[in-house]
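Undergrad: Below are the chains, spelled out letter by letter.
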Amino acid sequence: MATELMPGRKRFTSGSVAADLGLVAWFVFSLFPIVWMVLLSLKSKAEQTTTYFRFSPTLANFHTVLSDSGRAVTSVDFKHALVTSVVNSGGAVLVSLVIGIPAAYAAGRWRFRGSENLLFTMLSFRFAPELMVIVPLFVVYNQIGLFDTKVGQIWVLQLVTMPLVVWILRSYFQDLPPDLEQAALLDGYSRRRAFVMVALPMVRPGIAASALLAFIFAWNNYVFPLILTDSNATTVTVAISKFLGGGGQAYYNLTAAAALIGALPPLALALTIQRYLVRGLSFGAVKA
Amino acid sequence: MGALTVRGLTKRFGRTTAVDGVDLDVRDGEFFVVLGPSGAGKTTTLKSVAGLIDVDAGEVSIAGRSMTGVEPYHRNVAMAFESYALYPQKTVFENLASPLRSGRTGTYTPAQQKERIEAVAGTLGIGTLLARLPRELSNGQRQRVALGRVLVRPADVYLLDEPLSHLDAKLRAQMRVELKQLGEMSSTTSLYVTHDYQEALALGDRIAVLRAGRVVQIGTPLEIWNTPVDTFVARSLGQPEINLFDADVVDGAVRAAAGAIALPVPAGLDLPGDRARIGLRPRDLRVVADGPGAPGTLRFDGAVRLSERLGRLVELTVDVGDRLVVVVTEHPVAEGAAVHLEIPLEHVHLFAAADGGTDGPRLGSGRPTARPPVAALPGEDA
Numbered sequence: 001m002a003t004e005l006m007p008g009r010k011r012f013t014s015g016s017v018a019a020d021l022g023l024v025a026w027f028v029f030s031l032f033p034i035v036w037m038v039l040l041s042l043k044s045k046a047e048q049t050t051t052y053f054r055f056s057p058t059l060a061n062f063h064t065v066l067s068d069s070g071r072a073v074t075s076v077d078f079k080h081a082l083v084t085s086v087v088n089s090g091g092a093v094l095v096s097l098v099i100g101i102p103a104a105y106a107a108g109r110w111r112f113r114g115s116e117n118l119l120f121t122m123l124s125f126r127f128a129p130e131l132m133v134i135v136p137l138f139v140v141y142n143q144i145g146l147f148d149t150k151v152g153q154i155w156v157l158q159l160v161t162m163p164l165v166v167w168i169l170r171s172y173f174q175d176l177p178p179d180l181e182q183a184a185l186l187d188g189y190s191r192r193r194a195f196v197m198v199a200l201p202m203v204r205p206g207i208a209a210s211a212l213l214a215f216i217f218a219w220n221n222y223v224f225p226l227i228l229t230d231s232n233a234t235t236v237t238v239a240i241s242k243f244l245g246g247g248g249q250a251y252y253n254l255t256a257a258a259a260l261i262g263a264l265p266p267l268a269l270a271l272t273i274q275r276y277l278v279r280g281l282s283f284g285a286v287k288a
Numbered sequence: 001m002g003a004l005t006v007r008g009l010t011k012r013f014g015r016t017t018a019v020d021g022v023d024l025d026v027r028d029g030e031f032f033v034v035l036g037p038s039g040a041g042k043t044t045t046l047k048s049v050a051g052l053i054d055v056d057a058g059e060v061s062i063a064g065r066s067m068t069g070v071e072p073y074h075r076n077v078a079m080a081f082e083s084y085a086l087y088p089q090k091t092v093f094e095n096l097a098s099p100l101r102s103g104r105t106g107t108y109t110p111a112q113q114k115e116r117i118e119a120v121a122g123t124l125g126i127g128t129l130l131a132r133l134p135r136e137l138s139n140g141q142r143q144r145v146a147l148g149r150v151l152v153r154p155a156d157v158y159l160l161d162e163p164l165s166h167l168d169a170k171l172r173a174q175m176r177v178e179l180k181q182l183g184e185m186s187s188t189t190s191l192y193v194t195h196d197y198q199e200a201l202a203l204g205d206r207i208a209v210l211r212a213g214r215v216v217q218i219g220t221p222l223e224i225w226n227t228p229v230d231t232f233v234a235r236s237l238g239q240p241e242i243n244l245f246d247a248d249v250v251d252g253a254v255r256a257a258a259g260a261i262a263l264p265v266p267a268g269l270d271l272p273g274d275r276a277r278i279g280l281r282p283r284d285l286r287v288v289a290d291g292p293g294a295p296g297t298l299r300f301d302g303a304v305r306l307s308e309r310l311g312r313l314v315e316l317t318v319d320v321g322d323r324l325v326v327v328v329t330e331h332p333v334a335e336g337a338a339v340h341l342e343i344p345l346e347h348v349h350l351f352a353a354a355d356g357g358t359d360g361p362r363l364g365s366g367r368p369t370a371r372p373p374v375a376a377l378p379g380e381d382a
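Going down the list, the sequences are from chains D and L. Using the numbering used here, the first residue of the first sequence is number 1, and each one after it goes up by one. Using the numbering used here, the first residue of the second sequence is number 1, and each one after it goes up by one.
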């Protein structure tokens with residue numbers, strides 16, 4: 001059985017060895033930038049431009065980034081930026097879920113006039129580069145006082161998160177057999193209660209997946225906070241980049257440390273949410 | 001309780017018309033079966049009655065009240081889905097409690113809920129499964145839970161969509177018997193959808209035969225069995241299927257199978273174009289001894305090609321003229337033996353001739369008088 005499932009494991013052929021070596025080479029190639037970042041973050045300023053692997057590792061960079069001395073370098077409070085990023089990304093995902101889940105349900109269950117156009121329009125937000133809309137948004141945000149506010153960031157991030165949530169969840173709702181909700185209707189439950197009681201629990205894996213993806217995309221967004229915020233609502237992505245050019249000097253070691261810290265929250269979220277991603281909940285609902 | 005009336009029900013899905021002007025009158029307390037092959041529009045009809053489908057035309061009335069524009073949760077109907085549709089994250093008990101807790105089918109205290117659920121679970125033999133989740137049940141058990149969710153509360157109409165179709169043959173026969181004996185079933189107006197003619201004949205007070213979205217015939221099981229309105233209905237009922245032969249009127253007799261079957265043209269029966277189709281049910285044919293035919297019967301000869309034992313009964317495939325006739329009998333006959341076959345004239349069905357595999361309407365029986373014949377229904381264990 002096992003050999004049938006993995007025919008390549010039967011014996012070593014020159015082809016399979018070459019393929020394995022190729023995979024290892026690709027693995028090293030793609031992981032190398034991350035390894036380099038980790039090494040760089042442990043180097044002192046004097047060693048940050050060296051290209052060999054011998055150096056005296058230090059955790060001082062992480063300390064600098066998270067303390068006032070880092071702030072002195074970049075004029076940005078990195079810890080504040082971290083909190084802002086969590087609030088902005090989390091807020092954006094939350095808003096997208098609250099509005100997007102019912103939208104995805106409606107779009108997945110019923111065809112109404114203009115439903116396809118509406119969904120396509122929503123998806124098209126993802127086609128255009130963000131830079132295309134950034135100038136008018138900058139003007140508008142300045143006019144209505146949303147510049148450099150978290151609310152403004154959460155709002156503008158809907159361009160990123162909402163299409164993801166709606167399109168992913170729509171396919172989940174389409175895959176749900178309508179029989180369960182219909183059974184709930186005949187049991188005497190309203191459409192809203194049938195949705196909450198029956199449909200919603202069954203798409204939990206979809207909600208987890210779309211929320212995670214949306215959070216990562218929101219977290220990694222750079223252009224919107226770069227142009228639409230200043231010191232008050234600036235985010236981790238912008239704060240990291242400041243270490244590259246603050247005061248005419250590039251702090252590569254600090255940049256690496258900041259980037260590593262900035263990568264931790266999405267990673268932690270992904271690990272937490274992982275078990276919801278794989279488990280299908282609809283098993284046993286309808287006949288096999 | 002309440003009668004159910006369906007008038008001119010029509011539903012289209014894109015270009016296909018699933019249900020095409022269906023009229024049904026189900027009397028209060030009646031067990032009404034809708035029989036038809038898959039794709040005939042049975043489930044669409046059922047879901048239209050439940051209000052789960054927006055119909056294109058027609059009206060559904062329950063207990064004299066028009067259901068047009070009435071939401072499913074206000075119709076007071078209970079439905080068992082073909083897919084069971086059990087809530088996967090809820091236990092059997094919670095599934096059964098669901099209709100009692102919605103507040104729209106009456107108010108029940110937790111004690112009353114428990115009492116009703118235990119009563120219905122006991123009837124259906126699922127009393128020991130109440131703490132399980134649907135995924136921990138066999139298909140037969142899921143089916144019972146789905147039925148239980150229907151029976152657990154009073155409703156004007158029970159809608160049952162192929163509730164026995166996914167059970168194995170033994171369990172199906174057993175559940176068919178049980179279903180008929182359930183008190184709730186016998187007193188509540190029920191619309192039961194199936195593609196199994198035995199279920200229809202065994203359970204139905206009346207049967208509607210559906211084909212391609214249209215009602216072909218409505219009647220009691222005996223009426224449908226004895227006087228099928230056309231060859232489609234005749235073919236829908238009975239296993240093995242009814243023997244059908246194209247026949248021509250020659251010299252005052254309806255002749256089929258290269259003249260091997262010759263039926264005197266029944267008095268008072270008009271056969272348009274001197275053509276017809278003869279229908280002989282395998283179970284109505286008898287293998288008889290040599291000698292003159294009994295009065296009032298049609299008799300013809302053949303040679304046994306194949307003899308298959310099916311439990312208590314034997315299915316014979318007999319060469320008659322240039323055709324094969326299937327006969328179900330109790331006694332085995334050696335393959336190759338010559339046999340005489342006999343069938344009472346009232347069981348000889350005559351249908352209008354139809355070309356190219358279409359169905360022709362029934363013209364009458366082989367018996368000269370028009371009195372509708374009565375025959376026993378087929379047994380269960382063919």
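Because the hints were derived from the structure by calculation, they are not lab data. Among these hints, one or two may not hold up.
As the list claims (entries may be wrong) - Negatives, chain L to chain D, calculated, CB over 12 angstroms:
(1) Ala50
(2) Ala78
(3) Ala80
(4) Phe93
(5) Ser187
(6) Gly291
(7) Asp322
(8) Ala334
(9) Pro344
What the hints assert, rightly or not - If you only want the chain D side, here are some residues facing chain L, beta carbon under 7 angstroms, derived:
(10) Asp77
(11) Asp187
(12) Gly188
(13) Ala199
(14) Ala250
Idealized CB from N, CA, C, for every residue including glycine.
Undergrad: May I ask you to check that alanine 334 (chain L) keeps its beta-carbon over 12 angstroms from the closest beta-carbon of chain D?
TA: Check passes; 45 angstroms lies beyond 12 angstroms.
Undergrad: Should the label of glycine 291 (chain L) as a non-interface residue stand, given a Cβ cut-off of 12 angstroms to chain D?
TA: Given that every Cβ of chain D is farther than 12 angstroms from that of glycine 291 (chain L), nearest at about 55 angstroms, it holds.
Undergrad: Does the claim that alanine 78 (chain L) lies outside the interface with chain D hold up, using a Cβ gap greater than 12 angstroms?
TA: violated (6 angstroms)
Undergrad: Beyond 12 angstroms from every Cβ of chain D: is that where the Cβ of phenylalanine 93 (chain L) lies?
TA: It holds; phenylalanine 93 (chain L) is separated from chain D by about 14 angstroms at its closest Cβ, greater than 12 angstroms.
Undergrad: Report holds or violated for the interface hint on alanine 199 (chain D), using the least CB-CB distance to chain L and a cut-off of 7 angstroms.
TA: violated (11 angstroms)
Undergrad: Confirm or reject the statement that aspartate 322 (chain L) sits farther than 12 angstroms, beta carbon to beta carbon, from all of chain D.
TA: holds (45 angstroms)
Undergrad: In terms of Cβ atoms, is chain D entirely out of 12 angstroms range of serine 187 (chain L)?
TA: holds (20 angstroms)
Undergrad: Using Cβ atoms and 12 angstroms as the threshold, tell me whether alanine 80 (chain L) really stays out of contact range of chain D.
TA: Violated, since 9 angstroms does not exceed 12 angstroms.
Undergrad: Grab the minimum C-beta distance from alanine 250 (chain D) to chain L and call the hint holds if it beats 7 angstroms, violated otherwise.
TA: Interface hint status for alanine 250 (chain D): violated (54 angstroms vs cutoff 7 angstroms).
Undergrad: Minimum Cβ distance from aspartate 77 (chain D) to chain L below 7 angstroms?
TA: violated (45 angstroms)
Undergrad: Would you say proline 344 (chain L) is clear of chain D, with no C-beta pair closer than or equal to 12 angstroms?
TA: holds (44 angstroms)
Undergrad: Tell me if glycine 188 (chain D) is really an interface residue toward chain L, meaning its C-beta lies closer than 7 angstroms to one of theirs.
TA: With Cβ-Cβ at 3 angstroms, under 7 angstroms, it holds.
Of the numbered hints given earlier, the model fails hints 1, 2, 3, 10, 13 and 14; all others are met.
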